[in-house]
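Work out the full structure, taking the sequences as your base and the hints as a guide.
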Amino acid sequence: MSLTIKPILPRFGAELSGVDLTGALDEATRAAIIQAQNTYGVTVWRNTGLDDESHIAFSHIFGHVELAPRLPDGVYRHAHRELFDASNLDARGEIIQDELLRLHKRGDRLWHTDSSFMELRSAQSLLLCHEAPPAGGQTWFADTRSAYEDLPQAMKERIEPLQATHSLWWSRRRAGFPLTEEEIDARPHARHPLVHVHKGSGRKALYVAAHARDIVGMSREEGRALLAELIDFSTQPQYVFNISYRPGDLVIWDNLCSMHRGGDYDDTHHRRDMRRTTIREAPAPAVPDDPFTDLFRASGRR
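Under this note's numbering, the first residue of the sequence shown carries the number 7, and numbering increases by one thereafter.
No lab work stands behind these hints, which were simulated from the structure alone. Given the structure is predicted, the values throughout are model-derived calculations rather than measurements. Treat the hints loosely; a few may be bogus.
[Said to hold, decoys possible] Have a look at the derived ranges for each label pair, beta carbon to beta carbon:
| no. | residue 1 | residue 2 | range |
| --- | --- | --- | --- |
| 1 | Gly182 | Glu235 | 20 to 30 Å |
| 2 | Ser60 | Glu235 | 39 to 49 Å |
| 3 | Pro167 | Asp104 | 41 to 51 Å |
| 4 | Asp104 | Ala141 | 17 to 27 Å |
| 5 | His66 | Ile11 | 28 to 38 Å |
| 6 | Ser60 | Ile11 | 35 to 45 Å |
| 7 | Glu235 | Thr299 | 14 to 24 Å |
[Said to hold, decoys possible] Below, in silico cross-link-like pairs of lysine-lysine (DSS-like), each with a Cα-Cα straight-line distance of 25 Å or less:
| no. | residue 1 | residue 2 |
| --- | --- | --- |
| 8 | Lys205 | Lys162 |
| 9 | Lys12 | Lys162 |
| 10 | Lys210 | Lys12 |
| 11 | Lys162 | Lys210 |
Using N, Cα and C, we set each Cβ at its ideal position, and we do this for glycine too.
In structure tokens, the structure reads:
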């Protein structure tokens with residue numbers, strides 16, 4: 007079987023087919039998949055046949071697979087901590103009724119970049135659909151490489167040396183979670199450049215989105231206005247597409263050259279079971295670590 011690539015936008019997004027992802031892949035096929043991911047930023051695979059175990063196994067072709075944070079009560083819906091739960095379901099598999107938890111998850115409907123609030127950034131995210139709602143529930147993607155390239159030269163020169171601080175709790179507050187600015191100030195932040203070179207393609211990209219809270223060296227008002235301007239620019243129609251899901255569909259996106267957001271659906275009546283593996287940008291650590299659990303502990307949430 008040979009890899010088939012069908013672009014979605016000229017420089018961003020592609021549907022891939024022709025390869026069985028459930029078994030072992032030879033080196034040439036692995037290299038072709040990685041090259042397609044580097045080129046298009048988002049790749050879509052339909053009707054993959056993947057289950058939890060083969061989803062995790064396939065993810066390893068991209069690098070070190072992160073562990074989801076430990077839960078305070080130790081009760082997990084999944085058997086594998088490599089799976090981040092991107093569903094609207096609780097540990098028993100029932101639709102979440104807890105309003106605070108629903109508010110926390112609502113932050114995923116803002117334009118964001120997975121884990122930019124971590125010092126160790128995430129590269130690829132691999133989201134597998136197990137159950138989709140009858141309407142809505144898409145994921146929208148935005149191309150931050152092409153957006154950067156199309157910025158006016160004066161804006162490129164302005165933002166090139168700048169860094170932003172990122173906080174998970176800032177995006178949650180923006181989505182309605184009850185936190186004050188002072189409470190967010192006291193919780194961990196990460197600092198990253200607004201512009202970086204995407205290693206897989208050599209193209210520059212913006213690194214902003216909903217977790218980005220302030221710009222270092224600017225007043226909060228000025229910095230947040232600039233962040234909003236860059237996000238608005240990057241999410242114009244020419245940079246954006248959306249994907250609807252059926253069970254078995256897999257979407258892989260590169261957090262270092264894209265933003266994404268979840269689409270609306272009736273999350274109080276319809277199930278949406280989505281499971282994500284996440285690949286760290288950095289190589290595997292020499293000693294096993296658990297940075298997501300560490301972040302939540304440092305935030306006072308155990």
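### Query
Tell me, which hint numbers fail for this structure?
5, 6, 7, 9
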